[in-house]
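Student: Heads up: the protein sequence lines correspond to chains A and B, in order.
Take the first sequence: its position 96, counted from the start at 1, is 96 in the working numbering, and no numbers get skipped.
If you count the second sequence from 1, you need to add 271 to reach the working numbering.
There could be a bad hint or two in this list.
Unchecked claim - Footprint (simulated), chain B over chain A, 3 or more residues, beta carbon under 8 angstroms:
hint: 1; stretch: 72-82
hint: 2; stretch: 97-109
Said to hold, decoys possible - Quick list of the computed label-pair ranges, beta carbon to beta carbon:
hint: 3; chain 1: A; residue 1: Gly191; chain 2: B; residue 2: Arg446; range: 27 to 33 angstroms
hint: 4; chain 1: A; residue 1: Gly143; chain 2: B; residue 2: Trp341; range: 53 to 59 angstroms
hint: 5; chain 1: A; residue 1: Arg108; chain 2: B; residue 2: Val382; range: 32 to 38 angstroms
hint: 6; chain 1: A; residue 1: Gly113; chain 2: B; residue 2: Leu375; range: 34 to 40 angstroms
hint: 7; chain 1: A; residue 1: Gly18; chain 2: B; residue 2: Ala356; range: 42 to 48 angstroms
hint: 8; chain 1: B; residue 1: Val435; chain 2: A; residue 2: Asn234; range: 32 to 38 angstroms
hint: 9; chain 1: A; residue 1: Ala5; chain 2: B; residue 2: Arg446; range: 24 to 30 angstroms
hint: 10; chain 1: A; residue 1: Ser46; chain 2: B; residue 2: Leu295; range: 49 to 55 angstroms
hint: 11; chain 1: B; residue 1: Leu519; chain 2: A; residue 2: Gln101; range: 32 to 38 angstroms
hint: 12; chain 1: A; residue 1: His25; chain 2: B; residue 2: Val435; range: 21 to 27 angstroms
hint: 13; chain 1: A; residue 1: Arg36; chain 2: B; residue 2: Arg446; range: 25 to 31 angstroms
hint: 14; chain 1: A; residue 1: Tyr252; chain 2: B; residue 2: Val435; range: 26 to 32 angstroms
hint: 15; chain 1: A; residue 1: Thr16; chain 2: B; residue 2: Val382; range: 34 to 40 angstroms
hint: 16; chain 1: A; residue 1: Arg108; chain 2: B; residue 2: Gly299; range: 48 to 54 angstroms
Just so you know, the hints here were simulated from the structure itself, not pulled from any lab data.
All values derive from a computational prediction rather than experimental measurement.
Each residue gets a CB set at the ideal place from its N, CA and C atoms; glycine is no exception.
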Amino acid sequence: MTDEAPMLEVRGLGKTYGDGPQAVHAIDEINFTVARSEFVCVVGPSGCGKTTLLRCLAGLMSASTGQVSIEGRRLDRTPEEMAIVFQDYSRSLFPWMSVEQNIAFPLRRKRLGRAKQQQLIKDSLEAVNLADAGRRYPWQLSGGMQQRVAIARALAYEPQVLLMDEPFAALDAQTRADLEDLTLKLRHEYGVTVVFVTHDIDEAVYLADRVIALTPRPTRVREVIDIDLPRPRNQLTTKELPDFARLRGHVYRQVRQLDDGADQREAATAS
Amino acid sequence: MSTSIIPGTRRRLLRSPKFTDGLLGAAGLVTVLAVLEFSTIVGLLPEKTFPRVSADLRELAGMAGAAELWTAVGHTLQGWAISFALATVIAVLLGIAVGSNAVLYAATSAVIEFLRPIPSVALIPLVVLVLGTGLQSKVFLATFAATWPVLVATIYGMRDVEPVALETARSFRARPRDTLLSVVLPGAVPYIAPGLRVASTTALILCVTAELVIGAPGLGQSITVAQAGGQYQLMYAFIIATGLLGVLLNLLFVALEKRLLRWHPSQRSQGGVQ
Ligand SMILES: Nc1ncnc2c1ncn2[C@@H]1O[C@H](COP(=O)(O)OP(=O)(O)OP(=O)(O)O)[C@@H](O)[C@H]1O
Ligand SMILES: [Mg+2]
Numbered sequence: 001m002t003d004e005a006p007m008l009e010v011r012g013l014g015k016t017y018g019d020g021p022q023a024v025h026a027i028d029e030i031n032f033t034v035a036r037s038e039f040v041c042v043v044g045p046s047g048c049g050k051t052t053l054l055r056c057l058a059g060l061m062s063a064s065t066g067q068v069s070i071e072g073r074r075l076d077r078t079p080e081e082m083a084i085v086f087q088d089y090s091r092s093l094f095p096w097m098s099v100e101q102n103i104a105f106p107l108r109r110k111r112l113g114r115a116k117q118q119q120l121i122k123d124s125l126e127a128v129n130l131a132d133a134g135r136r137y138p139w140q141l142s143g144g145m146q147q148r149v150a151i152a153r154a155l156a157y158e159p160q161v162l163l164m165d166e167p168f169a170a171l172d173a174q175t176r177a178d179l180e181d182l183t184l185k186l187r188h189e190y191g192v193t194v195v196f197v198t199h200d201i202d203e204a205v206y207l208a209d210r211v212i213a214l215t216p217r218p219t220r221v222r223e224v225i226d227i228d229l230p231r232p233r234n235q236l237t238t239k240e241l242p243d244f245a246r247l248r249g250h251v252y253r254q255v256r257q258l259d260d261g262a263d264q265r266e267a268a269t270a271s
Numbered sequence: 272m273s274t275s276i277i278p279g280t281r282r283r284l285l286r287s288p289k290f291t292d293g294l295l296g297a298a299g300l301v302t303v304l305a306v307l308e309f310s311t312i313v314g315l316l317p318e319k320t321f322p323r324v325s326a327d328l329r330e331l332a333g334m335a336g337a338a339e340l341w342t343a344v345g346h347t348l349q350g351w352a353i354s355f356a357l358a359t360v361i362a363v364l365l366g367i368a369v370g371s372n373a374v375l376y377a378a379t380s381a382v383i384e385f386l387r388p389i390p391s392v393a394l395i396p397l398v399v400l401v402l403g404t405g406l407q408s409k410v411f412l413a414t415f416a417a418t419w420p421v422l423v424a425t426i427y428g429m430r431d432v433e434p435v436a437l438e439t440a441r442s443f444r445a446r447p448r449d450t451l452l453s454v455v456l457p458g459a460v461p462y463i464a465p466g467l468r469v470a471s472t473t474a475l476i477l478c479v480t481a482e483l484v485i486g487a488p489g490l491g492q493s494i495t496v497a498q499a500g501g502q503y504q505l506m507y508a509f510i511i512a513t514g515l516l517g518v519l520l521n522l523l524f525v526a527l528e529k530r531l532l533r534w535h536p537s538q539r540s541q542g543g544v545q
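Taking the hints into account, I'd like the entire structure generated from these sequences.
Tutor: In structure tokens form, the structure reads like this:
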């Protein structure tokens with residue numbers, strides 16, 4: 001490692017919603033860093049605070065304790081070099097705007113000039129294989145296409161960090177696999193740093209360089225697992241590797257908080 | 272789209288709900304007119320105060336070329352347009368301010384709930400005293416009445432913006448102006464557009480009322496003058512003209528609403544892939 005600051009650094013991050021007897025202690029304490037161009041997946045049981053963590057990372061919500069920095073700068077609101085892809089694409093895209101207008105909206109502030117802006121829109125739509133959809137409206141597209149538009153909008157913004165909160169959870173398995181591969185391809189082409197939240201362990205292991213497994217509430221980091229599977233990854237061959245099965249099992253145990261013998265006991269009771 | 276005369280197109284048209292509704296509507300109207308006409312003919316209604324509908328309509332048709340009708344329509348429309356525009360601007364600006372500011376909302380909602388139910392016509396004596404009997408009074412009354420539906424709609428619309436859309440704008444660091452004009456306001460249009468339609472109708476009613484009661488020039492005044500002169504056919508002709516104006520304005524706003532809300536689930540035609 002060089003001595004330059006990591007792309008993202010989360011230090012002592014904690015979050016409690018509300019106060020008094022109704023307070024929800026969502027995140028106890030989380031620490032981790034993300035290096036430039038790294039692909040990090042965050043997995044954890046349902047309701048453990050993954051969305052909460054991501055919103056704090058994005059500067060959309062302030063943490064109760066601790067802090068988040070991007071390239072050494074402490075962030076208070078979403079930094080310039082960060083874009084977010086929300087899970088709920090149908091609400092995140094603006095239905096009164098065409099696909100092109102949706103992509104152009106975040107660029108307005110940048111005052112890029114018409115030609116440059118058109119180029120960015122065209123390139124990003126091509127990158128997500130929607131070159132012909134610019135004039136259409138989000139609600140005229142299928143769910144998978146809508147999420148691709150949301151990804152194109154994030155890409156056109158030229159971010160260095162892409163945050164994704166369960167972006168494919170609402171899609172069918174086939175579309176989901178396609179979009180996973182698209183995400184990997186775009187990460188490779190754009191060299192962007194990705195933090196990807198999911199509750200799907202297969203997805204996390206398939207995509208990530210590192211998986212951060214969280215405990216149930218109040219949430220801490222249970223383990224950080226290096227995923228040393230070869231790239232480029234492939235839905236078939238990667239998932240057939242013995243290493244994939246091993247890593248998947250390991251992450252599964254971490255997330256389900258099973259000790260080493262527990263899975264055998266679970267298997268015994270299931271049969 | 273081509274205007275093909277493929278066999279079957281006609282039959283489909285005849286069976287389409289829109290066409291059937293239109294046909295039924297026309298049939299209902301013709302029936303009512305026929306009953307009225309017949310009632311006068313058989314003496315159920317006195318001919319003097321209820322001239323035959325056909326005669327009223329003929330009177331109206333005869334006036335179509337005369338300046339008198341169009342001057343009256345012009346006066347009424349002028350009052351309507353000024354008050355509708357004023358009400359819209361006032362209500363939308365006020366609604367944006369109140370709807371986007373929790374403190375202002377808490378401070379004003381009681382005032383709004385108190386002022387809103389006051390029937391505009393109750394203010395007529397006061398308004399005549401202060402502003403006289405001309406255009407100003409008419410515009411004041413109509414604006415007062417037409418502001419409320421748009422104001423309330425705008426406030427509700429502003430407070431019911433999709434939180435994920437707002438968060439998306441915030442995450443891209445959109446400027447407040449862009450967020451307001453391109454995210455919050457369009458998101459409030461499903462509330463505001465029906466509010467505008469109600470405001471248009473309200474403004475027209477109040478304009479005609481002001482003309483009737485305080486004698487400001489316009490269709491309402493023409494009705495009173497015709498009635499005072501015993502020209503009942505003329506009076507009915509003006510009443511029918513007023514009704515037609517109301518129907519036309521309403522149609523205009525229905526079309527506008529459809530256009531503005533093309534993207535909204537209530538208006539989306541087939542074409543979405545789900
Ligand atoms: N605005 C809020 N006010 C109070 N409690 C909240 C709020 N948002 C989330 N919580 C609570 O914080 C905890 C973590 O929620 P969060 O949405 O971050 O979990 P998650 O891991 O994203 O869940 P999921 O897997 O369902 O997406 C939950 O127990 C939730 O009830
Ligand atoms: Mg979540």
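Student: Does the hinted range 25 to 31 angstroms hold for arginine 36/A and arginine 446/B at CB?
Tutor: The hinted range 25 to 31 angstroms holds for arginine 36/A and arginine 446/B, with Cβ atoms some 29 angstroms apart.
Student: Is 42 to 48 angstroms a correct range for the gap between the Cβ atoms of glycine 18/A and alanine 356/B?
Tutor: holds (46 angstroms)
Student: Examine the stretch 97-109 of chain A for residues whose CB is less than 8 angstroms from any CB of chain B, and state whether their number is three or more.
Tutor: holds (count 5)
Student: Verify the CB-CB distance for alanine 5/A and arginine 446/B against the hinted window 24 to 30 angstroms.
Tutor: holds (29 angstroms)
Student: 34 to 40 angstroms was suggested as the range; check whether the CB atoms of threonine 16/A and valine 382/B agree with it.
Tutor: holds (38 angstroms)
Student: Assuming the hint says 49 to 55 angstroms, is it satisfied by the Cβ distance from serine 46/A to leucine 295/B or not?
Tutor: With a Cβ separation near 54 angstroms, serine 46/A and leucine 295/B satisfy 49 to 55 angstroms, so the hint holds.
Student: If you check the beta carbons of arginine 108/A and valine 382/B, does the distance land in 32 to 38 angstroms?
Tutor: holds (37 angstroms)
Student: In this structure, is the beta-carbon distance linking glycine 191/A and arginine 446/B contained in 27 to 33 angstroms?
Tutor: Holds, since glycine 191/A and arginine 446/B (Cβ atoms, about 28 angstroms apart) stay within the stated range.
Student: With a cut-off of 8 angstroms between beta carbons, are at least three residues of the stretch 72-82 of chain A near chain B?
Tutor: Per the Cβ count (4), the hint holds.
Student: Should the hint that tyrosine 252/A and valine 435/B are 26 to 32 angstroms apart at their CB atoms be regarded as holding?
Tutor: holds (31 angstroms)
Student: Using the Cβ atoms, figure out if histidine 25/A sits within 21 to 27 angstroms of valine 435/B.
Tutor: For valine 435/B against histidine 25/A, whose Cβ atoms are near 25 angstroms apart, the range 21 to 27 angstroms holds.
Student: If you check the beta carbons of arginine 108/A and glycine 299/B, does the distance land in 48 to 54 angstroms?
Tutor: Taking Cβ atoms as reference, arginine 108/A and glycine 299/B lie about 51 angstroms apart, which means the hint holds.
Checked against the numbered hints given earlier, the structure satisfies every one of them.
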